Every structure is written in structure tokens, then in C-alpha cells.
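Those protein sequences? They're chains U and L, same order as listed.
Quick note on the numbering used here: the first sequence kicks off at 757 and runs consecutively.
Quick note on the numbering used here: the second sequence kicks off at 757 and runs consecutively.
Don't take each hint at face value.
Remember, identical chains collapse to one label, so a pair may be satisfied in a single copy or spanning two.
Calculated cross-link-like contacts (lysine to aspartate or glutamate; reagent style DMTMM-like; alpha-carbon spacing at most 20 angstroms) [as the list claims (entries may be wrong)]:
| id | residue 1 | residue 2 |
| --- | --- | --- |
| 1 | Lys929 | Glu1016 |
| 2 | Lys1013 | Asp1124 |
| 3 | Lys1148 | Asp837 |
| 4 | Lys929 | Asp1020 |
| 5 | Lys1148 | Asp1074 |
These are calculated hints, taken from the structure and not from any lab test.
Model, not experiment: these values are computed from the prediction.
There are 2 protein chains.
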Amino acid sequence: MTLTITWDACAALDAADTLAHCRTRFNLPADTIYLDGNSLGAMPAHVPARMKQALEHEWAHGLIRSWNDADWYPAPQRTGDKIAKLIGAGQGEVIVADSTSVNLFKVLVAATRMQPGRRVILAERTNFPTDVYIASSVAEMTGCELRCVDPDDVLGAIDETVAIVSLTHVNYKTGKRYDMEAVTRRAHEVGALIVWDLCHTAGAMPVHLNACGADFAVGCGYKYLNGGPGAPAFVFVASRHLAAIRQPLTGWHGHAKPFEFTHDYAPHPAIDRMLTGTAPQLGVIALESALEVFDGVDLDTLRAKSVALGNLFITLADQELVGLGCGLASPRDADQRGSQVSLTHEAGYAIMQALIARNVIGDFRAPDILRFGFAPLYVRYVDIWDTIAALKDIIATCAWNAPEFLARKSVT
Amino acid sequence: MTLTITWDACAALDAADTLAHCRTRFNLPADTIYLDGNSLGAMPAHVPARMKQALEHEWAHGLIRSWNDADWYPAPQRTGDKIAKLIGAGQGEVIVADSTSVNLFKVLVAATRMQPGRRVILAERTNFPTDVYIASSVAEMTGCELRCVDPDDVLGAIDETVAIVSLTHVNYKTGKRYDMEAVTRRAHEVGALIVWDLCHTAGAMPVHLNACGADFAVGCGYKYLNGGPGAPAFVFVASRHLAAIRQPLTGWHGHAKPFEFTHDYAPHPAIDRMLTGTAPQLGVIALESALEVFDGVDLDTLRAKSVALGNLFITLADQELVGLGCGLASPRDADQRGSQVSLTHEAGYAIMQALIARNVIGDFRAPDILRFGFAPLYVRYVDIWDTIAALKDIIATCAWNAPEFLARKSVT
């Protein structure tokens, strides 16, 4: 296939890419183009060896002693501190625990308790569903009102009635990104607290939680952090709030002295108070190990590559997919975009199945979104070229219009 | 050392043990006696191979496709069904998710919503702390009263004011066991619902949740179920309640159609509604694999061995530790006991450290409890003999009275 930008030109970009060597830190199938790291990150190549040690030495041989002797016990704190460096948080402000949904519940309830005079949780209609579902449950349990507005109306809806603004930094479908600094400033101007969901941000670009003055954040371990399927999530609490907040999932690991087994709950003075039950330790170990792929990686360089990959994708889509029924669902302006580009097509589901059958993996989001995530540590410029070429061929030849691609199966 | 019951007599019991072959299903250090499977179960020998496959084939090669192609997505339901067989539950009544503490929160809130006319959650003072901490938070959030009574007063305290009775079947410190059938019957007589915590029960003895008519149960995957450190927990909901209950941690995986990404929450019609976020998949895979050690194991035979191990331990303790300051914290009557025996000694902490230094692993629970758990699949009768002999020597010679054993370190 011939495209206006040549494959060789993309290969030249890869040759000049100062992050190109990071791809060897991952175990990726040689025959596959993987643009779904925003759903499940690729596996860092060294993780299996770490897990083998955790299983065969620490669990099998160390047994219960490994909670102390293998430093299992402080792993959620230690791993949180590593994530803190990726999101502009301080040491002791981030801990790994549970799932994003569970952590969001903790944070939202804790935040409502800090705002006794206000009753509105402001969210937005196009947010990832779990965020809205959890906020709705929190509103019901705390006597608050959940107010959902369209994304463009968020800034204007932040007024003195709002207790908490709960937003996802980068939208899961469109990749559209909020201006964290501006929204946080507006929330604080009216006395509201802000909760940022960083699921589609952390590990793909620098975040500056403390520079923006953010109050709380949550995020996922299994997307751009590459922690493995269902990796534990993280939660950030600005240090100024730590001493005062009371979260509702008061399990023993959040206690000041869990191993004194006292009858009354007393929250841990530090970020540990965000813990609930025993850490999902195998997952924590995998995530902690996975984070080593960020060693020595400059986050601004990471972001520059992410922008370049996205811009190349859009440029090629503009040039090659014209007249084929594709729309652009993501912002053209990289300043408003995360690390993904989403296209629309009315046959999106079948097109994505046909693409996956050619070992080009993105994902589909109803009703018509073809989603392509660019994990800058392992995605190459030639991958973008190959993806657009495959898309052009599949759509132009109607290769997607086949029973095996049209039949819906369960999707994740 | 000479004991009144000989080591050879114990070895003869092992030779006659129809479950003795199950020990080879575990990877246990040859030089260690492990009586702490009620804190962290031993590692089933086949788990590392399963995890290697999950990591190197399913994650690294299958990537996002494995949620469908490797049947990751239904693993919490599938694993729950396997656990159901161990606890007297039906297929579709148990699912694996989150931690015990988080699941208890879901269940207690769901239960209070079924009892709008009642405001008392009845718990007991000596329960494992996390259960009381969570119940206290639920009471605060739902406007209920948490009423804690002494264990002997539980039956008498179940009256018409009680909405929910929340108990742990086997006490973590003493091993004392409630009569599940009698307590459940009493709760239902007065119109209360019952929640059983099976952390120290599941996998150690048969449980008959449905035969007793239990309403809800939760339990831990990392003790007698051997799922690995921080393994995901399970939650049981009697099928008669499934259609009606509303749990508060309404994450997307509990939705009727999670991959339609709708704005409004609609609970899944089945046990899946107890899910919240993405499953901690590496942990689920390890737990599912670990449960294979129960293949072909008759639970009444398992219980008979557990009773025999406990009785042997008590008999030897009575005979050998007399006059050494030890007390028995567990019931003598096996019908009132779980699968552990706890001793008391004022120097309990140091004694346990000295014991562990000899590779005999139990654990210590403040203020004076030496706790010994008997996982019938891998504990031998000679292990009991060796443990009592070591205890006798350590206490009689004051070997525990050494700086390295007296110094407190963090304990789990």
C-alpha cells in the first residue's frame, strides 16, 4: 500500500526516537501491533521472573514470614510512592489499594464529610460509567445530589453549591483532556473540592497534582502503568487533608495499629488510612515490578512522543481515510488530548474485529468508536503507519463485511 | 525428648491417614512445620506453572484478547462456584471479589436496606476487628446502631429490634465456633438477617450455608483456601435475596451490561451484582488454580482429620506442658472448635519467636495467645508431636528468654 507519508519516513522517526529502546523492556508478540495499552498495558518483560520469586521463594518458602521478611507489608506504600513520581504527588500521598471504583467511593465519601454545608457532587455525563455509578451511590448514602452536566458545561456549573467536582482527566472514549489546573482553580475559587480520575493519564504523560493543588485522585494500575490484568488501583490524598479525612471502608489495614487488634477503629495517621483489607499482594508485587519500565524515563519526553504519535495518526487518517466514512472523535489539538485517538465509523464494531484479525489491536466502544491508545514506551511510528494502512484496506475493500466480524461477542 | 504419646504413634496415624497424599499437592519447605495456614495458606505446588501461563501466554501474548479468549472475564463467577461446593452454597450464589472487608461492607449495607423498619446491627466484642470496624462504619452511614455483646450473650441478644446479626463462624483468636444452624434459626425467628464471616472456616471443614438457611456470607481466599497472599475474597448471597438486594459499591462490573457503558446503573440480575471494579485477575487466577487441591477431597473426612489433629494437640499439651504456665484458650469440645488450637502464656510473644526460630511456625495474637492452625490437607500428626516437643523444651528451658526473641518486631 502507498500512503502520502511513507513507511520509511516513519521508520526514520523510530530511528531518531530517544525512547525507542524502552520497547525492549516489554514482552510483546512480534506479529502484533498493540494500540490497546489504555485498556490493558503490555507485560514488562521482567515481571514473570519477579512473580516466580514471589511465588516459589517468598510464598512457598517464606510463608507467613514474608509479610515481614520479604517486605510485603509496606509494598502498597512503596508502590504508591513510585506512582507519586509519575503524577506530581509527594512521597506519602499515594497508596496502592483495591480497585479504582472502590477507591473512588472512599474518596467521595471522605470529601462529602469535609463539606457538611454543601450537598452537590458535580460530575459529567460522558464520564466512564463506573465513576458516575459510584458517585450516584455515594450521593444516595450521604444525602447529596449528583448533578451531571455535559463536558463543555463543567466549568460554568462549578458554583458555590458544589461540594465536590469529580472528573476524569482524559475521557475514555474521546481522549479529550481537561485543563487540570484551570478546573481545579475554579473548584477552589468557589470552595469545592476536586477529585481527579487519572485512569487514562497516569503513565502516559506527566501530571502535576500538587502544582495544580488537587485534593484527591484515583487511578488504575493496569493501563499505562502496565501492572497486569486487574492490577490494584491507586489513591492520592493531598497531604494537607490527610490528618482530617475519614473514609468509610474502615478495614483493619487502615487502622493506626492493625496488629494490636483493638475493638475501636482509629485511622492510621498517614496515607495508610486509605487501606481497607489485606492488600492484593500478588497484584501489588506485579505492579511494583512493572513500574521499573519508567526508570530513567523523562515524562516530558514521554509526552512529546505521545503527542507525535497522535498527530501522525490524525494526519494519516486525514489523508488516507477521506471519503471512507470515518470521523475524528478526539480533539485535533494535542493540548486537549490524552494519549489516544478515537475514530468513528458506523461499522466500527466489525472494522475493529477485522483489524484485530490482522493482529492490529485497538478496541471498540459503543456505539461507533474505534479507539487507539498510544503507550509511548512501546508504540512505534511504523505501528501507526501499519494501522492506518490496514484500516484503509479493510474499509475500502469492505473486508469488515463478513460474518465473522459482524457477529457480536462479549467484549471488554 | 520423650512424650507420653510417642512420635512413632503419631507416625502411625499419618500412615493410616487417607488424606496424607494431599500434602504432596503443596510446595512446603522440608525443614518447616507450618501451623499458620489460618493466616496464609501454603502454596499449592501447581500454582507457579499456572501463573507462568497466565503471565507469559495470556497477558504477554494474548493481551486484551485474553479477557475473552482465556476466559478471564467469567473467572470470578467460576471460582465462586468452586468455593460454593466447600461451603454448602448453590451454583451462582458465590462470587470472588475484592477483600473480605470490602465485601462485608457491601453485604451489610445491602442487608440494612432490606430491613427498613429496624436499626440494630448485632455484632460481638471479640470478633476480628475488621468486621467490627466495617459494621461501625455501615451503622454510621445508614443511621443504624451497632450493638456489640460478649460471645456468650449473642443468642440472648437476638431480639425483634435486630436488623442484622453479623458474626464470624470461627473466632480468629480462640478458634471457638458458633452453632451456625442454631444462631441462624434464632435470627430468623425474630425476623433478623444473618451474615456469616467464614474466614477461619472455608476450606477447613464443611459448611452448610443453605441447609442452615443463611442469608449472606463473606470469607477470605488466602487462609485455608490457599489462594496466596492477599488473594481475593468471596461473597455469598442466598439465591432468594439476589433479585432484590442493592449493594452500595456500584462499580461497572456489577452492572447488568457493563460493556454497553450506559450512564445509569442497573444491577446485574445474578451474583455478578456483587462485583465492583475490574477483578484482581492475577489473584483470581491463582485462587482458582489453588482450589484444585480440594479435588476429590471429602469434606467430612477433612473435618475428621482436623478434629483428630486438634484433639491430639490438646491431649499432648495437657500431658506435656503442665506446670509451664500454659493455658488452653480454645474449647476442649471439638464440636465447639474450628481448625485451630490456641494456648495462652504470659511470655507468648517470645515463645512464638523462639518456636519460629526452630522452623515451627504458628503465630501470636496479643496479649498472650499462641495460635496453631491445622490445615488438614498438609498438616501431619507428627507435626503436632514435634510442635509440642519444641514448645515444652522452649518453655521448660526458658529458651525464649533471649534478646532476639523478646524484641518486638512488626507482626502480621
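### Task
Compare the structure with the hints numbered earlier in the document and write down the numbers of the violated ones, lowest to highest.
Those not satisfied come down to hint 3.
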